[in-house]
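Undergrad: Need the complex rebuilt from these two chains, each delivered in its own frame; the hints are there to steer you.
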Amino acid sequence: MNKVHDNRAWFLILPMLLLVAFSAIIPLMTVVNYSVQDVFDANTRFFTGTEWFEAILNDRSLQAALLRQFAFSFTILAIEVPLGIGIALLMPKRGWQASAVLILITLPLLIPWNVVGSIWQLFTRGDIGLMGVGIRELGYPYNITRNASDAWATIVLMDVWHWTPLIALLCYSGLRAIPDAYYQAARIDRATKWAVFRYIQLPKLTNVLVIGVLLRFMHSFMIYAEPFVLTGGGPGSSTTFLSQSLTTMAIAQQDLGPSAAFSLIYFLIILLVCWIFYTAIMNSQKDHTAQGGA
Amino acid sequence: MTRSVPTTPESVRQQAAESAARRRKQARSATIRWRRRTLLGLYLVFVLLPIYWLLNISFQTNSEILGSFSFWPQSFTLGNYVGIFTDANWYMGYVNSLAYVLMNMLISISVALPAAYAFSRFTFIGDKHLFFWLLTNLMAPPAVFLLPYFQLYYSVGLFDTHIAVALAHCLFNIPLAVWILEGFMSSVPKEVDETAYIDGYSFPRFFVTIFLPMIRSGIGVTLFFLFMFSWVELLLSRTLTATNAQPIASIMTRTSTASGIDWGTLAAAGVLTIVPGIVVVYFVRNHIAKGFALGRT
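From first to last, the protein sequence lines stand for chains A and B.
Residues in the first sequence are numbered consecutively from 1, following our numbering.
Residues in the second sequence are numbered consecutively from 1, following our numbering.
One chain only, chain B, in its complex shape (with noise of 0.2 Å):
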């Protein structure tokens, strides 16, 4: 851009009151900019302190935790970590924990799918009132329905099994993946669908060729969801299960016993189960970022 050399006295006044009013508009921007840091800043304090507690706490000894006050472990300690990783009681807890909800993840996204795209695409008899009938499955609340659920896993078979877990939490699991998936789908337009069809191409392979690449992040997040709730529910997966299939959740309880709370083991393992969650969030941070609301704006 060149710039016209100003000749009058009124130009060279007009150039000097826009510079100079470029530089504050610079000067107001730069400051929001330092004052949005510093907000977030603030709020990623507050989250992360108790987190940060949980971490100095795991790395001290009982001792240490219960008789003084410090900002940071002062006789530092893998002991609670040790503990976990070398007692098969404990860290099968993990994995019992992850193998129900994977299974939940797999289980949900499969049927959940279909529904939502059935959903999303027709209008056919009660399919309004099955929607609203999903949605009140995620607000039963759990504590009484805990003992026909005992009962009713009791009689199949399924009791102290991954498998009695994994089903359980689709209760609450499956109705929110099709509320979620189906706002995703409502925004990829019909005429895909069509021009799919005229392409000569059958249903199931222009549901998984075309139409699923297209809500990816859809899923994505979807399946972060999945996983969260899964992993964080402590009242089913403790009622349905006793020692082969128990969660992590419900073993940590033990650190509770006559001679007072082993606050150490219970920090580390509160540490351990972040760790999971943090390798989810990880794989899918791209598609939630991408748009979660696509077809629900």
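This is chain A alone, in the form it adopts within the complex (with noise of 0.2 Å):
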């Protein structure tokens, strides 16, 4: 769409400005002057320079920590990609069947993160969760407070039950969205679905899933309160995400200067990683776009 150029849009933007300026820019301030300075109180402060910097950089447990936490979102992402795509395409299209499952699939989003916890804490349960004891049954001796595997296994359950229907939902109404003579035309080249499906469905949903794919990825490598709750982090540390030591150390420990300088590594990596996938999506679409009108 040919945008007209005006500089007084400014004035529609800026209660939204104002209100987010409010809630991300004072605070974000306060962080980066924690992040070079060492807090005893309110009074007493040394600056420091980078010094928090390399210290959280040299840290092996961080260290640790984040590639743990690359290994789960880029896990979680392959599968809930492919999952939630592919339930949207089961999804009846009108109907009360269609609301119906509508609304059963959105139910997991619904919960409050620390409640999703608890609920697979009750499910997995060696001696009271119905998946605890329905595995146990099975012979493998299931234990998620003692085995990391298991632990890590349940985690990523967990959340592919948790986040799959926010993929799908997107996706289904992305795919409600492609206007019918797409697929008659389709029907008269005799296409094959999986034609259908490459060169019509997919295409048609990439804006929806870059929101989706975004999404996913920031709030993944953001997760905290449904492994809290459920392993603690354990055992050991095997469970022990980027935002948990981070919890630890700036509310448990109160050490502030390192957090924030934590915080803001932990910022750029997300920051740096989304851009590549937006650029690249973006860029993989424009190519796609000029193929068409060729």
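In silico DSS-like links for lysine-lysine, alpha-carbon gap of 30 Å or less:
| id | chain 1 | residue 1 | chain 2 | residue 2 |
| --- | --- | --- | --- | --- |
| 1 | B | 25 | A | 93 |
| 2 | A | 204 | A | 193 |
| 3 | B | 128 | B | 190 |
| 4 | B | 190 | A | 3 |
| 5 | A | 204 | B | 25 |
| 6 | A | 193 | B | 25 |
| 7 | A | 204 | A | 93 |
| 8 | B | 128 | A | 204 |
| 9 | A | 3 | B | 128 |
| 10 | A | 204 | B | 190 |
| 11 | A | 204 | A | 3 |
| 12 | A | 93 | A | 193 |
Cβ-to-Cβ under 7 Å is the rule here; a few derived chain B residues that face chain A:
| id | residue |
| --- | --- |
| 13 | 36 |
| 14 | 40 |
| 15 | 50 |
| 16 | 54 |
| 17 | 57 |
| 18 | 69 |
| 19 | 124 |
| 20 | 139 |
| 21 | 149 |
| 22 | 171 |
| 23 | 249 |
| 24 | 274 |
Keep in mind the hints are simulated off the structure, nothing from the lab.
As the structure is a prediction and not an experimental result, all values here were calculated from the model.
Glycine included, each C-beta is placed from N, C-alpha and C at the ideal position.
TA: Structure, rendered in structure tokens:
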């Protein structure tokens, strides 16, 4: 669409800008301020330069948490995105069945995050939980408080349960927006199901998938309440993710300087990965439209 | 449609072949339909099992929950729910949560609508940078921002009020709303705006009476997302409140005491947190199906 250049549009942005800035800029400035100082109390502080940043970047346990975090985020993206697209393709298109399925699959999204952890704790307990007892009945000694790989697999499963509906929901409404004429044209050309998916449905889903993938990446990278409630980060540190280390440092130990430096590094990593995702998807889409137009 | 009567052996054979092909095709599409239903059914079972378990436990007493494993409540009780509905400390948690979620939805949508319109219709100095900056607010790790938030809201005298949480949630809800609404608005052809101006509509009148109804499905979907993310958020709402505006998710942590966790009450409270969400989904379900992606296709 051809947009008109008009700087008066700023007036339409202004109320939003003031509100977001109030919640974003002042706290961010405080964090930047803390990250270069050693704070003892309100009046006693020393300038430390980049000391905290160096300490954080050289911390072995944080490096391990970062790797674990990336492994987790990419695992769940690799499962949730294809699964979500698949579910959206399977969902009924109209009638009461469509409404019913829509309401049922959004249920996990509507539960507060710490409650999600509690539900899964009840569900996976080896003595009273449906899943825990079920797996043990099959002969596998399932135990998320002792066995690191069980804990890891359970957290991945919990995240898939919790968030696949978001991808499915976005894709479902994206699919609904494809005009029937496209499908009719495909039928006339005797296109196979795969061709319809590859050349009609998937390109049309790109934009909702950008929202879905970016939101999922950001949220999974900041995951806190669910693993904290379910496993407390254990056994050992096998399910301790970045934001849990950060919370321990900031709240429990009150190390303001290092945790501020930590959160700035954290923020920059998310920013960088999201920017790479965003430009990569947008560029591939531009290529696609260029090909289509030629 | 009239059928030609087969006269020659070739045409008889041809028709027989055609009807056989048709039957095979029908049989195949029936198989595909059943396969689709089975797969979707399996997924729904996966989604519903943990929720069923929560429901199951919410109808049991604590001794039964911890005593034995059973697929359904052996001695059915509503005691956990009665406990929540008769204790003001408990049910006020739902009221508090709903209060700040509704405030946040109202604030977010009313400032996001004009902003999204500006992004979808105009170019102006710094527009692209501003849009990306908005998105970065979705990426701020909450843990360390908690202390600055606490200090900020405490110093302006908003600590432990509903509006404090509503404003804090604007940090991630407004950018999301602008992002989604901008897509919907870009799908409305610019000619609509131009025709309205030629017909003598003022901007506010055009925006409210013509433009908003055209993107109402987008507004429905946006409201669903605003509700969802504000309703489930825990860290900020817990930090910015003490007693008067405490959210339900934070009150639920009280079930964990020195004598162990009160699983029955926790499960019942968990079931009740899903209810307002179901109401919201019920109202926006048709909008979601109608096309979230209109503008982003």
